[in-house]
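Chemist: Sequence:
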Amino acid sequence: MEGCLMKAGRELDHPEYLLLFDGVCHLCHGAVQFILKRDPHGYIHFASLQSQRAQEILSHYNYQEKDMSSVVFIANGQLYTKSDAILHVGRKLQGGWPLLSNVARLIPRPVRNPIYDWVARNRYRWMGKAEQCMLPTPQIRSRFLD
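All residue numbers for the sequence shown refer to our numbering, where the first residue is 507 and numbers rise by one.
The reader is advised that the hints may include incorrect statements.
[Said to hold, decoys possible] Each pair of labels, with its calculated beta carbon distance range: (1) Met-633 <-> Asp-519: 29 to 39 Å; (2) Pro-616 <-> Ser-648: 35 to 45 Å; (3) Glu-522 <-> Gln-558: 32 to 42 Å; (4) Ser-648 <-> Ile-621: 30 to 40 Å; (5) Arg-631 <-> Tyr-549: 29 to 39 Å; (6) Leu-606 <-> Gln-558: 32 to 42 Å.
Treat the hints as calculated values from the structure; they're not laboratory data. Even glycine gets a Cβ: it sits at the ideal position worked out from N, Cα and C.
Using the sequences and the accompanying hints, generate a full structural model.
Modeler: Structure follows, in structure tokens:
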């Protein structure tokens, strides 16, 4: 099933809810800040896709994409990508985001993912690219794996 992969047989320790994002993408940095503000209980943890730890986790789930064009959300042992990842993250946030995410899931994946891909292809052009990965503040450092 596109958008969801189960983990491989061997065990690998990571937080129950983990968002892997492009660490040099300004749009992704903004999304992480957005999530941090709407997840005050700290359910969601983060790691840059460029990090060694993220690569180990992706390998554990047999996820092969190398061009980092998708955020990856791991929840309860399942890996979600593209629009599925975003909608699963939305379900963990406070406010109206869970309701909006559930309504958006009614839109078929073949409609959602091309929109996601279009944004992903243009994200550097629209928002820019950082020379290095985001450095979390001391207050939120515990929510980042790398």
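Chemist: Against each hint, give a clear statement of whether it holds in the structure.
Modeler: Here's how the hints hold up against the structure:
| no. | hint | verdict |
| --- | --- | --- |
| 1 | Met-633 <-> Asp-519: 29 to 39 Å | 33 Å, holds |
| 2 | Pro-616 <-> Ser-648: 35 to 45 Å | 38 Å, holds |
| 3 | Glu-522 <-> Gln-558: 32 to 42 Å | 21 Å, violated |
| 4 | Ser-648 <-> Ile-621: 30 to 40 Å | 33 Å, holds |
| 5 | Arg-631 <-> Tyr-549: 29 to 39 Å | 32 Å, holds |
| 6 | Leu-606 <-> Gln-558: 32 to 42 Å | 34 Å, holds |
Consistency with the previously given hints fails for number 3 only.
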